[in-house]
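With chain A held as given, fit chain B onto it using these hints.
Residue strings, one per chain:
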Amino acid sequence: MKKKILILTILLLVSQFAFAATVNDITAPITKIYDLIKGIVAVIGIIAITIAGAMYMFSGANIQQRENAKSMVSYAIIGLVLVWVAPLIVGYLTAPV
Amino acid sequence: MKHIIELFIPLMMGLLLFAPYMQAASGSGDSGGGSPPIIIDFGGVIGAVNSNAQSTEQKLDHTTNILGNAIGAIPKGIFDLLTGSIRNSLREFNSSLLTLAALLVSVNPDPMLMFSLWQAIITVISCFYLLVFLVVGFKFLMGGHNIQKREEAKESLKNAVIMIIAVQLSFYFYQLFLELATAITQFLWVTGFEQFFMSTTYTGAGIFMLIALSASVIGALVTLFARYLFLLMGVILFPIGIFLYLIPSFKNWGKIIFNFIGIVLAMQFIDVILLVATGQIALALVGEIGVEFVPALGFILMGITNTVILVYAVVKSAMSVMDNAPMLGMAIGALSGQVGMITSALGKGGSK
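Protein chains in written order, with my numbering: chain A, 1 to 97; chain B, 1 to 352.
Calculated from the structure, these hints are not laboratory results. Ideal Cβ positions, reconstructed from N, Cα and C, are used throughout, including at glycine. Please note that a few of the clues may not be correct.
[Said to hold, decoys possible] Stretch-level coverage of chain A by chain B, calculated; a stretch enters the list once three of its residues show a Cβ under 8 Å from a Cβ in chain B:
hint	segment
1	36 to 46
2	56 to 66
[Claimed, not checked] Away from chain B, derived, C-beta distances all over 10 Å, residues of chain A:
hint	residue
3	LYS2
4	LYS4
5	LEU8
6	THR9
7	ILE10
8	ILE26
9	THR50
Only chain A is shown next, with the shape it has when bound in the complex:
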């Protein structure tokens, strides 16, 4: 019984801090993750484009490999744009009408 009262008291005390959280408290860590991954994605994107460029250079007469390299570049650019423009897209889609 004492244990239950203690747990209840702790929960009541903690709940004040829980309710004190704002939207920014939730978005702040997500924004941090986003900023971190954005940087990583940029690096990966550059690497992917470089590899695609190399594939294109060395494709020679192989048309399929050339097309593959082209699509790799285009998809890498789309991916980069998506990641970098994500806040704008989200803002646009969630904006009040």
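Using the frame of chain A, we list chain B on its own:
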């Protein structure tokens, strides 16, 4: 004194009876003529007295009978009064219960009651949109060389956009579903079972029948309240369900939420169909059974069906969660393992 009065009254009566004779006797001496003597018919007097006594006796007997009957009728009267007042109270009680049941069956809750909570949930969900786009962008980046992965990336982008739009509009979709369900119910409402909810239907019902009706309606009301509660919860669960359904890893969780909301929404139709069926039976049966027994049976059936459906929805959701739990458990385990490793590494670094 009493003896004196008892002696005095006959003496006075004697004097009054013989006074005319005495007067006549004294007057004859004076004038020699006078009025004729009065003759009293004692037989007639006695007969009149007897008949009067008989009539008094008859009246007394009659009064005794009336009093006897009245005293005999008192317990019955008290019993009738008590049962009447109990029946009236039960009828009034049932009337309020039936009005509430009619409201809960025919009308769905107003989702606007939960609008502020829905906004809070949407705010929390919208925080994760960025991460969703991160993942989609990453898929595009990594899947450039493979046709299958490219298609997956396209599908993910489509899902992400649909998810954001659907989650943002989830409240209005949910409101639409509820209004549709209410409209269909209102359409079915006028097909013969609305008499169940009228207190006038149960005017001639006995106490036991009224008590049975109260119990059955209370049972049905409990399940209807639960349905109301789950439908209100649905306002919050629906956007979460959409969000989870459109993320491939959490698709099953989204399905669970959709199933749950679907079952709770379908309860209303099942209730109405049950009431329509029992209404038809009640109309077909003539007399007390049709008028009083069938509605009570209908409410009992409704309560049992609702309970079974609710339990099924909860158990099915729980079972589905248990089926999906290993994945979640693995994810949590991996995450906690990583956190543990990072913590231990930090601890080692700190100690150095």
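Checking against the hints above, which ones are violated? 2 and 8
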